[in-house]
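According to numbering that gives the first Met the number 0, the stretch in the sequence shown is residues 0 to 236, in order.
By construction, these hints were calculated from the structure, which means they are not laboratory data. Predicted, not measured: the structure shown is a model, and the values here were computed from it. Possibly wrong hints are sitting among the right ones.
Dumping the calculated EDC-like pairs for lysine to aspartate or glutamate here, alpha-carbon to alpha-carbon at most 20 Å [to be verified]:
{"no.": "1", "residue 1": "K13", "residue 2": "D98"}
{"no.": "2", "residue 1": "K192", "residue 2": "D171"}
{"no.": "3", "residue 1": "K192", "residue 2": "E173"}
{"no.": "4", "residue 1": "K56", "residue 2": "E75"}
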Amino acid sequence: MFLDHDGTLVPFAKQPGDAAPGEALIRMIERLAADPRNRLAIVSGRDRDLLQEWYGKLPVHLIAEHGAFVRTPLGEWQGSDVRLEWKEAVLILFQQFHDRCPGSLVEEKATATAWHYRAAPTELGFMRSRELINVLNDMARSYDFQIIEGNKVIEVRPMGINKGAAVKRLLDAETAQMVLAIGDDRTDEDIFKVLPIDSVSIKVGMAASFARYNVRSHEEVLVLLETFAAAGDPVAA
């Protein structure tokens, strides 16, 4: 079971640090993980420290920074060997756009850098995002990186790092009778593309997707997961 965090398990927040999972969600994931038939992975673009803080006590896989770091259910983190010679130049550029767009913020991760504009004025945020994409496309001629556009966020990360590659490594290491994956944005499409043909893949939102099914909101995701959790709960005698 592969579950995205932002926009899938929790709603989007104006500040990235405000999207922590609530106690009810943590308890539900605990119940899902307690069922021996289940293997869970939280697959996110978030940095590993934040995922560890939020989900670290749960016996689940954690996939951080789109697959740059993977933690086993036993708590062991493993990292990818990536090239980051572009990172300082991108960070300086993002800071410049932060200064030119009130309400935006820069998030620096170990292997990636993101510029968020969810809290910026709508028209200004959109205009600056188009400008930033143009500058990054020019920089990409000299540096080896990927440009990822998410929901009100632009992120730069190393080439070869994506959620799909990390998920495929886990799938290759285990045999599963059924695979379920749920996500909401473009980075989750990389997961849907690598799933076995008989998998259940769900896109949050009604946009076109490689997923087989759609739900309208993260609330519907929680209802679905609660159904799975209840099916695995012990029945009182």
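Evaluation of the provided hints:
{"no.": "1", "hint": "K13 <-> D98", "result": "holds (17 Å)"}
{"no.": "2", "hint": "K192 <-> D171", "result": "holds (15 Å)"}
{"no.": "3", "hint": "K192 <-> E173", "result": "holds (18 Å)"}
{"no.": "4", "hint": "K56 <-> E75", "result": "holds (12 Å)"}
Checked against the numbered hints above, the structure breaks none of them.
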